[in-house]
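Peer 1: These are the residues of each chain, in order.
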Amino acid sequence: MTVKIVTDSLGDIPSGVAEELGITVIPINVIFGTINYRDGVDLTTDQFYDKLEASKIFPTTIVPPLGRFADTYDKVAEETDQIAVITNSHKLSASYETAVLAKERMKRRCRVEVIDSLSAILAQGLIVIAAAKAARDGTGLDKVLELVSENIPRADVRMAFDTLEYLRRGGRIGKAQAFLGTMLKVSPILGIKDGEAFPFVREHSRARAIDHLYEFATGFSHVEEMGVEHATTPDEAEALIRRLKAKFPKTRIYLSRVSPVIGAHVGPRVLGVAVLGDRG
Amino acid sequence: MAPTKSINGQDLREMFAAATSWLEKSSADIDALNVFPVPDGDTGTNMLLTMRSTVEESQMADDHSASRVAKAMAKGALVGARGNSGVILSQIFSGLSQALDGKDAVTGKELADALAKASSVAYAGLSNPVEGTILTVIREAAEAAQAHAATVSDDVVSVIEATANAAKESVAKTPTLLPVLMEAGVVDAGGQGLYTILEGVLHYLKGEMEQLKLRRPWMVASSVPLTAKSPQMVGVEEVPYGYCTNFVIKGEELDPDKLRKRLEKRGQSVIVVGDNSAVRVHIHTLDPGDIMSYVVPLGTLHQINIRNMDEQYHDFIEMQKERMPAVAVAIVAVVVGEGLANVFTSLGATFVVPGGQTMNPSTKDLLQAVEAVTSEKVIILPNNKNIVLTASQVQSLTEKTIEVVPTTTIPQGVAALLAFDYEADMETNAQNMNKARAAVKSIEVTRAVRSTRLGGLDIKKHQAIGFLNGDLVAVGDSPAAVVQDVLGRVKLDTAEVITIYYGDDTTSAEAEEVGGTLGKQHPQIQVEVVQGGQPYYNYIVSVE
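Those protein sequences? They're chains A and B, same order as listed. Taking numbering that gives the first Met the number 0, the leading residue of the first sequence gets 0, the next gets one more, and so forth. Taking numbering that gives the first Met the number 0, the leading residue of the second sequence gets 0, the next gets one more, and so forth.
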């Protein structure tokens, strides 16, 4: 039977692509005050970002209970006997620990292997997409896990921020703390390194920050997967895709939206580009 | 979730037991934060041991009333308290117990009032309460609890939630209140510990058992940037270190207030808490024998613990080195003016040497800065054409590797600093910074010190003169008009960002007006007006 891929919604896999590749995505919820908003169910993404900017309460995110993971495994196990679960970095959420513990709560018999992507957002998403493609082509579970391990260092992402305040308040700032509190209006460019947010450079204007994203993506000599994601600025994302298309005409470039659960931690107006590939 | 109208003694036991397990998960991280009052790196451990004793003693209460359990906890906290933060924590439990006296169960409002009492008792226990510590956190958290109970809800869970949220924000702000934290780029360890305890209580009250089991407490991030200061500079304000001395005196008719006053003359960081039968003492002293001889006649001594703080300090330094950002390359910048110095440090300059026009630093000044930073590789930004040569002499005097990025103006220095890539090596960074330096245009406006003729312009003494990239191009009666004049000589249609740094004899109103006019004329440009505070130059403007 073919390997099935399960992941959490922190990988921002574009709607449609998950369905196309048979990826099961476990939603991670956002809590505003005492109200629990199920990702994409109780609140549209646009409503969420409006609320994020207007609300004084800082939203928190929660990983669904063990039971939810276990139930998902059981449901997927109706169709397969081997599941690869690829999670968000353990340094950024409790998704990995929950996914591992949930194995014991399963009712059905099925081989389940959990692997930490040490990543997040679309970089995690691209690792998952590559694994799903391999699974679709009949690759066995051990080979899929091997592929994921190989792809972890090959997936990279850069995000242009307007402010790091959301990241700070959510406690996920890591070493990017060095970029806090600048006295000038700058756009910090962050990526993920060793499983957590890492500060790379600061650009002095939004236009330059976007140029930086473009240069980052075009610095790859071989591109296997590529995607652009935004929170509230679709025009910028589409313009960036057009520029990248000119350089990589044969590559399918995914357009994705930063999910509310990630948006709560990065803030509106974040724009990012993720690449799975090799640098020249 | 069903509202929780009140909690009893059994709830108190269980919620603080859960909070203790929660604290245990991050006690090592909290240890790594400690810089105040001395960097001894055991705040997390001390608070944990204090909490354990508190929880153990809570089992000794003879019934399940809030009053009796709180009293038992206060006793457990007092006898088990270790270190500064532990002792303050014991004061917090003492305050809670006083406020809950005679109560079977506690409502949200009563709990908020008890926290306020806990805060005032904590302040009262110290001879010299310092803000930006666990004290600020308990006070602000209690204030938020009372405000929430009075205006939003009396529900216990929602009051604790408001308390924990306020504690978190309060912890994040501690570096703005306590310079030693700001320097070390950390939040207060005791404050973080208290927040973690409140967060653990909240998880318990919300019934989030899986979260308590699976997750780890978040360490609150400082609201100010982490500047990579040399760890040796951390905590130098309190000298000498000596011995951290802790003990309990048991006796009859002890007087904690009198004892505190006496001990203050014999040491630092004195905390004396307790009642007339048992008193806990924490003191930093050069001669623990002297303290012991002094207190022996007062009663029997228990739980005596004396540690050499120099050893603790060295362990702490090692621990700090591991968690400091790995800055392989440090940046030394020459800057004058408080605002400009803040701009440079906020952008990651490791060391700022005061200096500029008419006050050029010596080679020795720069060498000292280079030697003071921990990195073996140092980039120097002279930011003035008269300092570039001095900076280039430093390499011959040090074993460290030096690169001078020859910035001749403040705007060039800022542009170079912004181009610094935290992941790139020194050579790549120096190249990128040089490229960025060359791409920026600098405008400087000052007043002529004497009448002269320069660059084809007749200048009278005290007239405003404007330079573009170091060349005199404009003269006029007001600095604001000269800025406009020079800007008119620059091609602005490709400019993206203009930053105006105004000097210490220029008003912010005037500078804002210059910026506002510019913004109206060129809506596509991002215009920033920043208080530079530099002497001599009314305006320094960067065009990128």
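Derived from the structure by calculation, the hints contain no laboratory data. Ideal Cβ positions, reconstructed from N, Cα and C, are used throughout, including at glycine. Treat each hint with caution, since some may be false.
Said to hold, decoys possible - Not the full set, but computed from the structure, chain A residues with beta-carbon under 7 angstroms of chain B: (1) P63; (2) P64; (3) G66; (4) R67; (5) D70; (6) H89; (7) V99; (8) G170; (9) I172; (10) Q176; (11) T181; (12) R201; (13) A206; (14) R268.
Peer 1: Work down the list of hints and note, for each, if the structure agrees.
Peer 2: Each hint tested on the structure:
1. Taking 7 angstroms as the C-beta contact cut-off toward chain B, the hint placing P63 (chain A) at the interface is violated, the least distance being around 10 angstroms.
2. The beta carbon of P64 (chain A) is positioned within 7 angstroms of a beta carbon in chain B (closest approach about 6 angstroms), and the interface hint is therefore held.
3. Proximity of G66 (chain A) to chain B is violated relative to the hint, the smallest CB-CB distance being about 9 angstroms (cut-off 7 angstroms).
4. Hint status for R67 (chain A): violated, given a least beta-carbon distance of 11 angstroms to chain B, over 7 angstroms.
5. For D70 (chain A), the interface hint is violated, the least distance from its beta-carbon to any beta-carbon of chain B being 15 angstroms, above 7 angstroms.
6. With 7 angstroms as the threshold, the beta carbon of H89 (chain A) stays out of range of chain B, its nearest partner Cβ sitting at about 10 angstroms, so the hint is violated.
7. For V99 (chain A), the interface hint is violated, since its Cβ never comes within 7 angstroms of a Cβ in chain B; the closest pair sits about 10 angstroms apart.
8. Hint status for G170 (chain A) relative to chain B: holds, with the closest Cβ pair at about 4 angstroms, below 7 angstroms.
9. Taking 7 angstroms as the C-beta contact cut-off toward chain B, the hint placing I172 (chain A) at the interface holds, the least distance being around 5 angstroms.
10. Contact between Q176 (chain A) and chain B, as hinted, is supported at the beta carbon level, the nearest pair being about 5 angstroms apart and thus within 7 angstroms.
11. Hint status for T181 (chain A): holds, given a least beta-carbon distance of 5 angstroms to chain B, under 7 angstroms.
12. The interface hint given for R201 (chain A) holds, since its Cβ lies 5 angstroms from the closest Cβ of chain B, which is under the 7 angstroms cut-off.
13. Taken as an interface hint, A206 (chain A) checks out: its beta carbon lies about 6 angstroms from the nearest beta carbon of chain B, inside 7 angstroms.
14. Of the supplied interface hints, the one on R268 (chain A) is violated, with its beta-carbon coming no nearer than about 14 angstroms to a beta-carbon of chain B, more than 7 angstroms.
In this structure, the hints that do not hold are numbers 1, 3, 4, 5, 6, 7, 14, in rising order.
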